[in-house]
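Q: Kindly generate the complete structure, drawing on both the sequences and the hints.
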Amino acid sequence: MFRQLLIASLITACVHGAPSPPPPPATPRFFNNVTVFAPPESWASHSTSYARSVLLDQNCEKDNVLLASWTFSPPDGPYLPIAKSTDDGYSWTEISRVYFTHGNYTGGIILQPFLFELPQQIGKYPAGTILATGNAIPANFASTNIELYASQDKGLTWEFVSVVATGGAPNTDNGATPVWEPFIGIYDNQVLVYYSDQRDPLHGQKLSLQTSHNLLQWGGVINAVAFANYTQRPGMATVAQIGNGKWMISHEVGLAPQGDLAPYAVHYSIADSPLEFGSAPSHLLQARNTGTISSAGPYTVWTPAGGPHGTIVVSDSTYSQVFINTNNGDPDSWDEVETGLGVSYTRGLRVMPNESVILFMNGGYYGLPAATVTAGEWLVPGPPSSKDTISSCKNPHGH
Numbered sequence: 005m006f007r008q009l010l011i012a013s014l015i016t017a018c019v020h021g022a023p024s025p026p027p028p029p030a031t032p033r034f035f036n037n038v039t040v041f042a043p044p045e046s047w048a049s050h051s052t053s054y055a056r057s058v059l060l061d062q063n064c065e066k067d068n069v070l071l072a073s074w075t076f077s078p079p080d081g082p083y084l085p086i087a088k089s090t091d092d093g094y095s096w097t098e099i100s101r102v103y104f105t106h107g108n109y110t111g112g113i114i115l116q117p118f119l120f121e122l123p124q125q126i127g128k129y130p131a132g133t134i135l136a137t138g139n140a141i142p143a144n145f146a147s148t149n150i151e152l153y154a155s156q157d158k159g160l161t162w163e164f165v166s167v168v169a170t171g172g173a174p175n176t177d178n179g180a181t182p183v184w185e186p187f188i189g190i191y192d193n194q195v196l197v198y199y200s201d202q203r204d205p206l207h208g209q210k211l212s213l214q215t216s217h218n219l220l221q222w223g224g225v226i227n228a229v230a231f232a233n234y235t236q237r238p239g240m241a242t243v244a245q246i247g248n249g250k251w252m253i254s255h256e257v258g259l260a261p262q263g264d265l266a267p268y269a270v271h272y273s274i275a276d277s278p279l280e281f282g283s284a285p286s287h288l289l290q291a292r293n294t295g296t297i298s299s300a301g302p303y304t305v306w307t308p309a310g311g312p313h314g315t316i317v318v319s320d321s322t323y324s325q326v327f328i329n330t331n332n333g334d335p336d337s338w339d340e341v342e343t344g345l346g347v348s349y350t351r352g353l354r355v356m357p358n359e360s361v362i363l364f365m366n367g368g369y370y371g372l373p374a375a376t377v378t379a380g381e382w383l384v385p386g387p388p389s390s391k392d393t394i395s396s397c398k399n400p401h402g403h
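Residue numbering for the sequence shown follows our numbering, beginning at 5 and increasing consecutively.
If you are wondering where the hints come from, they were derived from the structure by calculation, not from laboratory data.
Backbone N, C-alpha and C fix where the C-beta goes; we use that ideal spot for every residue, glycine too.
Heads up, a few of these hints could be off.
Stated by the list, open to error - Ranges between beta-carbon positions, derived for each pair:
no. : residue 1 : residue 2 : range
1   : N37       : P123      : 24 to 32 Å
2   : S46       : S277      : 30 to 38 Å
3   : D67       : N37       : 17 to 25 Å
4   : N233      : L279      : 31 to 39 Å
5   : P312      : S46       : 47 to 55 Å
6   : L279      : L372      : 36 to 44 Å
7   : N175      : G107      : 12 to 20 Å
8   : T294      : T39       : 42 to 50 Å
9   : L372      : V341      : 21 to 29 Å
10  : N233      : G311      : 30 to 38 Å
A: Below, the structure is given as structure tokens:
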């Protein structure tokens, strides 16, 4: 009898096979401060910072594919890690590394990464090419180098493209000559790179802009933001097109006149094009509902959600809260609102495809004994966007 039962059970197992593994848990409707990366205990450095993401949608992917990078100090570096998420940023897997091969950076570090997907062909690089940039510093700390790399296979492999700008040693004292903090945009069939620039003897630091029609050669330096007061230091620029079609640049101001209230007070300018910020008036970003002045490391995005003019969202490196404006950047229309998300140096924002959700990439603070890269979602207040949740070429704000 036992033998018959054994044979019967074996036959049943062969017919039905082994039990199927349980399906992976579904991504929660909203998530908050999930870990993207934590440095292993064995590493000498446990600091992370400056997380950035890009949403791939120029080739009409059916899934919401995100890539992210950040600054850290791996023992086998330096390089920029490239992590991928296919569940709206809830879980991540490293898929590649961007080694800055143009110079000898062995023993150095790569700071301030930024990722961008081309929405159109630029030179020999087709739409869908992913650009990665950062500030490469050699082991002897003799220079700062904003270099550009490209991937034509969705971030799996990378090639050197060009050097955008080179400066002196990484020193934030006025009179030193480094470059910092690149940000990539596109306008009028040319790629734009904004960066902080200490090379001009007329300014302790200014925001510079250079443009390229082919990614290989770059035009001369344009003053994006430069103050008459030599000691004031605009830095950490981000740029977004807002609801009325105009363009907004936000930045911190080192040694700002607001003093202890906001030592790196956030200012912004609005212009008809992203090439014309230099002649646009500067505004202090201060919330009308709380009086808080945004300070340090701003990141700005715009979404159609939240009202008839959409919503400008500005994050900074001082507060968990964000600053929102539903009136096309009017200086008297900023509100400070809660997010429930961690504070970091710095937070990168990404408008998700339904445009009512903002993905926050939190980079971590400099100098902490153990920092982690985290991600979390935040729902824009007010009326939702009419977009669905599937990435498509209809979404012009995903790059």
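Q: Look at each hint and say if it fits the structure.
A: Going through the hints against the structure:
no.	hint	verdict
1	N37 - P123: 24 to 32 Å	holds (31 Å)
2	S46 - S277: 30 to 38 Å	violated (49 Å)
3	D67 - N37: 17 to 25 Å	holds (23 Å)
4	N233 - L279: 31 to 39 Å	violated (24 Å)
5	P312 - S46: 47 to 55 Å	holds (53 Å)
6	L279 - L372: 36 to 44 Å	holds (38 Å)
7	N175 - G107: 12 to 20 Å	holds (18 Å)
8	T294 - T39: 42 to 50 Å	violated (30 Å)
9	L372 - V341: 21 to 29 Å	holds (26 Å)
10	N233 - G311: 30 to 38 Å	holds (36 Å)
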